[in-house]
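These protein sequence lines are chains E and Z, in that order.
Quick note: to get the working numbering, add 2 to the position in the first sequence (first position is 1).
Quick note: to get the working numbering, add 1311 to the position in the second sequence (first position is 1).
Everything labelled a hint here was simulated from the structure, so no lab data went into it.
Be aware that one or more of the hints could be misleading.
[Claimed, not checked] Listed next, the in silico DSSO-like pairs over lysine-lysine satisfying Cα-Cα at most 27 Å (straight line):
no. : chain 1 : residue 1 : chain 2 : residue 2
1   : E       : Lys112    : E       : Lys81
2   : E       : Lys81     : E       : Lys96
3   : E       : Lys104    : E       : Lys162
4   : Z       : Lys1385   : E       : Lys119
5   : E       : Lys162    : E       : Lys82
6   : E       : Lys112    : Z       : Lys1431
7   : E       : Lys128    : E       : Lys162
8   : E       : Lys126    : Z       : Lys1420
9   : E       : Lys162    : E       : Lys119
10  : E       : Lys82     : E       : Lys126
11  : Z       : Lys1394   : Z       : Lys1340
12  : E       : Lys82     : E       : Lys112
13  : Z       : Lys1340   : E       : Lys126
14  : E       : Lys82     : E       : Lys104
15  : Z       : Lys1340   : Z       : Lys1385
16  : Z       : Lys1394   : E       : Lys128
17  : Z       : Lys1385   : E       : Lys117
Please read these numbers as outputs of a predicted model, since none were measured by experiment.
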Amino acid sequence: MSFLISLDDVAQGNRRSFLSKSGLLLSGAAVALLAGEDALAAKGAKEGEEDIRILNTALGAELEAIAAYQVGAESGLLKKPVLDLAVTFQGHHKEHADILAKTIAKLGGKAVTAKEKYTFPTEKLKSQEDVLRFAAGLEKGAVSAYLGAVPLFGNRDLAKAAASILGDEAMHWAVLRNALGEAPVPAAFMS
Amino acid sequence: MKNLAAALAFALAGGAALAAPPASVGDPKAGQAVYERCLACHALEYDRTGPRHCGLFGRRAGSVPGFAYSDAMKRSRIVWDEKTLNMFMANPLKTVPGTSMGYAGIPDKAERKALIAYLKQAGRSPACR
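All chains should be modelled from the sequences, with the hints used to inform the complete structure.
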């Protein structure tokens, strides 16, 4: 099979060659974009296909998170102040999605858009606690997803931006756990 | 103080990596904890940013109807089993360059084995029937 590569190769990786091919030309461009300096960012727009794929995957997950919080907010199960919390967190995900989409576009990619319909386990959401636990699971997964994406970016500025989002997701997770009456930060490390 | 120094030395020597929950080899329960890392994008029963995991074993990669796979995954000719999952999860982008799964992978062999054990068990659960 064509994909079969020895695990030694996998362990060694080809990150160095990847870095030399892709991200370095964009160094500084993404940060410029994230800071609003669009013209400067556009200069490096033809490189970094891998970075664009990673950003698009993150964008897809952010768009789904927005939809998930919408389901939670409209469920009638969330009471204030938890409802306000959910709406605030949804707003953060909207900001993440917005900046990711703009960055993808500036790097020359085509940003994914929200699906017409998302599937959520609504039949299992019967109480505020259920919704909080579902949201906490998504947020924890988001932390892990960004943690797994950060080291992959050829452009270190994109890695930095993704790490910034990771920090926000981790705060969401901790606050949701706290709202559930659980230890907000259960361990010293995330994986 | 000596204990603190020893702990710091341990951390600097790689304790951060070792601090991940110890996974029993092939233990589905440990694998379920590892699976929580996947929950931003995957679910067992339905497609999300990533495809569903029910029916994974024996399935050809890129073949869930209606899911928008990368061309790389569709062309990979992978059939998912313990061996191919182990390889892919060790380093997805190295194993299938061009995959949409922008995730560095799970470097710990025991964690991969536990995750595979969980996925196998979950695949036989009522949720996947």
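Original post:
Hey, Lys1394 (chain Z) versus Lys1340 (chain Z), does the alpha-carbon distance stay inside 27 Å?
Top reply: holds (20 Å)
Subject >> Satisfaction of hint between Lys126 (chain E) and Lys1340 (chain Z), Cα-Cα up to 27 Å >> reply: The hint holds at about 21 Å.
Original post:
Taking 27 Å as the top limit, are the C-alpha atoms of Lys104 (chain E) and Lys162 (chain E) close enough?
Top reply: Holds - the C-alpha atoms of Lys162 (chain E) and Lys104 (chain E) are around 16 Å apart, at most 27 Å.
Original post:
Is it true that the CA of Lys82 (chain E) sits at most 27 Å from the CA of Lys112 (chain E)?
Top reply: violated (38 Å)
Original post:
Between Lys1385 (chain Z) and Lys119 (chain E), does the CA-CA distance stay at or below 27 Å?
Top reply: holds (23 Å)
**OP:** Measure nothing beyond the straight line between the CA atoms of Lys82 (chain E) and Lys104 (chain E); if it is 27 Å or shorter, mark the hint as holding.
**Re:** Answer violated: Lys82 (chain E) to Lys104 (chain E) is near 33 Å, above 27 Å.
Subject >> Straight-line alpha-carbon gap Lys1394 (chain Z) to Lys128 (chain E), limit 27 Å >> reply: violated (39 Å)
Original post:
Are the Cα positions of Lys126 (chain E) and Lys1420 (chain Z) separated by 27 Å at most?
Top reply: Judged against 27 Å, a Cα distance of about 33 Å means the pair is violated.
**OP:** Starting from Lys1385 (chain Z), check that the Cα of Lys117 (chain E) is at most 27 Å away, please.
**Re:** holds (21 Å)
Original post:
Does the structure keep Lys81 (chain E) and Lys96 (chain E) at a Cα separation of 27 Å or less?
Top reply: Holds. Lys81 (chain E) to Lys96 (chain E) sits at ~22 Å (cutoff 27 Å).
Original post:
Is the straight-line distance between the alpha-carbon of Lys82 (chain E) and that of Lys126 (chain E) 27 Å or less?
Top reply: holds (21 Å)
Original post:
Within a Cα-Cα threshold of 27 Å, do Lys112 (chain E) and Lys1431 (chain Z) meet the stated pairing?
Top reply: violated (36 Å)
Going through the hint list in order, the structure does not satisfy hints 1, 5, 6, 7, 8, 9, 12, 14, 15, 16.
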